[in-house]
Every structure is written in C-alpha cells, then in structure tokens.
Amino acid sequence: HHPVPEEGFVHSVSRYMVRLLVVVALLPASVARAQWSHDANMPVQVAISAAFNQQAGAAVPDGTGGAFVFFLDDRLGNSHVYAQHVRADGRLDPTWPVGGRGVCEAFNDQTAVKAVTDGAGGAYVSWIDFRSGISRNYVTRMLADGTLSPAFPISGLGVSVLNNAQFPAQICADGVGGLFMVWEYAYGPTDHDIISAWVTPDGTIALETAVSNMAEPEMTPSVCLESPTHFAIVYRTVGGTIKLKQQLVH
Numbered sequence: 382h383h384p385v386p387e388e389g390f391v392h393s394v395s396r397y398m399v400r401l402l403v404v405v406a407l408l409p410a411s412v413a414r415a416q417w418s419h420d421a422n423m424p425v426q427v428a429i430s431a432a433f434n435q436q437a438g439a440a441v442p443d444g445t446g447g448a449f450v451f452f453l454d455d456r457l458g459n460s461h462v463y464a465q466h467v468r469a470d471g472r473l474d475p476t477w478p479v480g481g482r483g484v485c486e487a488f489n490d491q492t493a494v495k496a497v498t499d500g501a502g503g504a505y506v507s508w509i510d511f512r513s514g515i516s517r518n519y520v521t522r523m524l525a526d527g528t529l530s531p532a533f534p535i536s537g538l539g540v541s542v543l544n545n546a547q548f549p550a551q552i553c554a555d556g557v558g559g560l561f562m563v564w565e566y567a568y569g570p571t572d573h574d575i576i577s578a579w580v581t582p583d584g585t586i587a588l589e590t591a592v593s594n595m596a597e598p599e600m601t602p603s604v605c606l607e608s609p610t611h612f613a614i615v616y617r618t619v620g621g622t623i624k625l626k627q628q629l630v631h
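The numbering of the sequence shown is my numbering, which starts it at 382 and goes up by one.
If you are wondering where the hints come from, they were derived from the structure by calculation, not from laboratory data.
Among the clues, some could well be false.
Label-pair distances were calculated between CB atoms; the ranges are [stated by the list, open to error]: (1) 596 / 472: 53 to 63 Å; (2) 543 / 606: 23 to 33 Å; (3) 423 / 524: 30 to 40 Å; (4) 531 / 489: 22 to 32 Å; (5) 557 / 590: 17 to 27 Å; (6) 531 / 569: 30 to 40 Å; (7) 569 / 589: 12 to 22 Å.
Even for Gly, the Cβ is constructed at its ideal location relative to N, Cα and C.
Can you build the whole structure from these sequences, using the hints too?
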C-alpha cells in the first residue's frame with residue numbers, strides 16, 4: 382500500500398460497518414425504531430466477502446429511507462472502492478452483489494472515500510487514487526438505480542491536471558445537481574496551496590482554480606454551500622491563522 386496525506390478519517394479496519402448509527406440516522410425515526418436492531422453486537426454486515434480487510438468510507442441516503450454505503454476492500458490485492466445498498470428495512474438489497482458493487486478497481490490503491498447525495502437519489506463519490514503513482518483526487522457519480530453514471534469515465538474522473546501530490550478533497554453538493562471539491566495541493570516541499578474544482582452532472586470539470594496560492598503553506602480546507610453555486614471555504618495557514626473565502630461558480 383502507498384502512503385497518502387490523510388486527515389485522520391481513515392479508521393480502523395473492520396469487516397462490518399464501523400457505526401450502525403451512520404445508517405440509522407439516515408432513516409425516518411419510525412422506520413429506524415421499528416425495523417433496525419439497536420443491539421451493538423448485531424450490526425448490519427455491509428459486505429459479505431472473503432476480503433482480507435475492509436474500511437468504512439461514507440454513507441448517503443438513497444431518497445427512499447435506505448442508504449448507499451461506500452467502503453474500501455482489498456479483495457483483489459489492492460485497496461479499491463465498493464458500494465452497497467442498504468434498504469429502509471435494514472436489509473441488504475438482494476439485487477446487489479453480496480460483496481458490494483465495484484466503484485473503482487483501478488490499478489494500485491484507492492483510499493480516503495467520501496460521498497454526498499447528488500440531490501436526485503444518487504451520490505457523488507470521491508477518493509484518493511494512486512493509479513499514476515502519486516496521490517490524486519478522483520470522483521464518480523452513482524445514480525439512483527445503483528449504476529455508475531455513463532457520463533463519467535470508468536473507474537472515475539481525475540479532477541485535476543496538476544502534477545504533484547493532492548490531499549483528500551472535501552466535497553459539497555452545489556445545489557443544482559453538481560459537486561464542488563476543495564483540497565490541499567503540495568505545490569512544493571514547503572508550499573501547499575488550496576485548489577478547488579467544480580464537477581458538473583455530465584462528468585466534466587467546469588472549473589479548476591487556486592483558492593489560495595500564497596508563498597506560505599495553506600492547509601486543511603473545508604467547504605460548505607451558502608446558496609446554489611456559492612461556497613464558503615475555510616482553511617489554515619502555517620502560522621495557525623484561519624482564513625475564510627467565498628467562491629462563486631456558474
């Protein structure tokens with residue numbers, strides 16, 4: 382496996398969902414109380430496979446009381462991205478493979494999975510990918526029917542043409558069906574910048590730009606939606622100063 386600049390969100394390896402409440406919280410309260418186990422010793426097993434290791438990634442609502450769950454699995458030797466559909470009744474969707482559906486099985490490792498709803502019953506999924514030998518952010522879209530959008534390349538869309546290492550992106554739905562991403566970029570050994578990209582529903586990068594590229598390092602960005610296509614980005618400088626910027630995409 383390859384080292385990657387992480388932000389503390391890759392958790393201990395488990396063959397089970399790390400927190401059942403992550404999925405329970407996505408359900409209406411009445412459904413969760415009536416049909417989900419509250420026994421910590423009986424979690425929902427998301428993927429039934431002979432994998433050596435699995436890591437929890439992210440979960441988003443499917444719009445019908447269930448959830449799409451994304452995780453890492455090294456069943457093929459390297460760490461790859463898979464998805465599973467958990468229905469509103471707490472059972473795995475019988476129309477899906479018992480080991481989950483492959484989202485990205487590209488050469489080398491994938492790590493640091495994140496996901497947000499696409500606003501249409503599906504999800505955008507991002508991860509760090511080492512297929513080129515260096516850490517880069519990739520993204521794809523899972524549609525409401527559980528298939529991957531044909532508008533995106535097989536095994537995901539690389540969101541940046543920059544050549545150096547990228548830290549895992551923070552992601553946010555743009556309010557109009559697309560996705561906004563922001564990440565820390567290793568421009569040089571002691572010079573890190575904040576870069577953002579806007580991904581449209583048709584699988585194109587409509588915008589990639591530097592949020593901040595000062596000589597001093599900028600680190601650990603976060604992003605939230607203020608209004609459709611308006612985003613607030615907060616990040617830290619080397620001296621510990623917290624800075625906030627607003628970015629408009631259209």
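Has the hinted range 30 to 40 Å been met by the Cβ atoms of residue 531 and residue 569? Given about 38 Å between the Cβ atoms, the range holds.
Is 22 to 32 Å respected by the C-beta to C-beta distance linking residue 531 and residue 489? 24 Å, holds
Note whether the CB distance of residue 557 and residue 590 lies within 17 to 27 Å or breaks it. About 18 Å separates the Cβ atoms of residue 557 and residue 590, which means 17 to 27 Å holds.
CB-CB spacing for residue 524 and residue 423 relative to the 30 to 40 Å hint: 31 Å, holds
That 53 to 63 Å hint for residue 596 and residue 472 (C-beta), does it hold up? 55 Å, holds
Is 23 to 33 Å right for how far apart the beta carbons of residue 543 and residue 606 are? 24 Å, holds
Between residue 569 and residue 589, does the C-beta distance stay in 12 to 22 Å? Because 19 Å falls inside the window, the suggested range holds.
Hint check: no violations occur; every hint is consistent with the structure.
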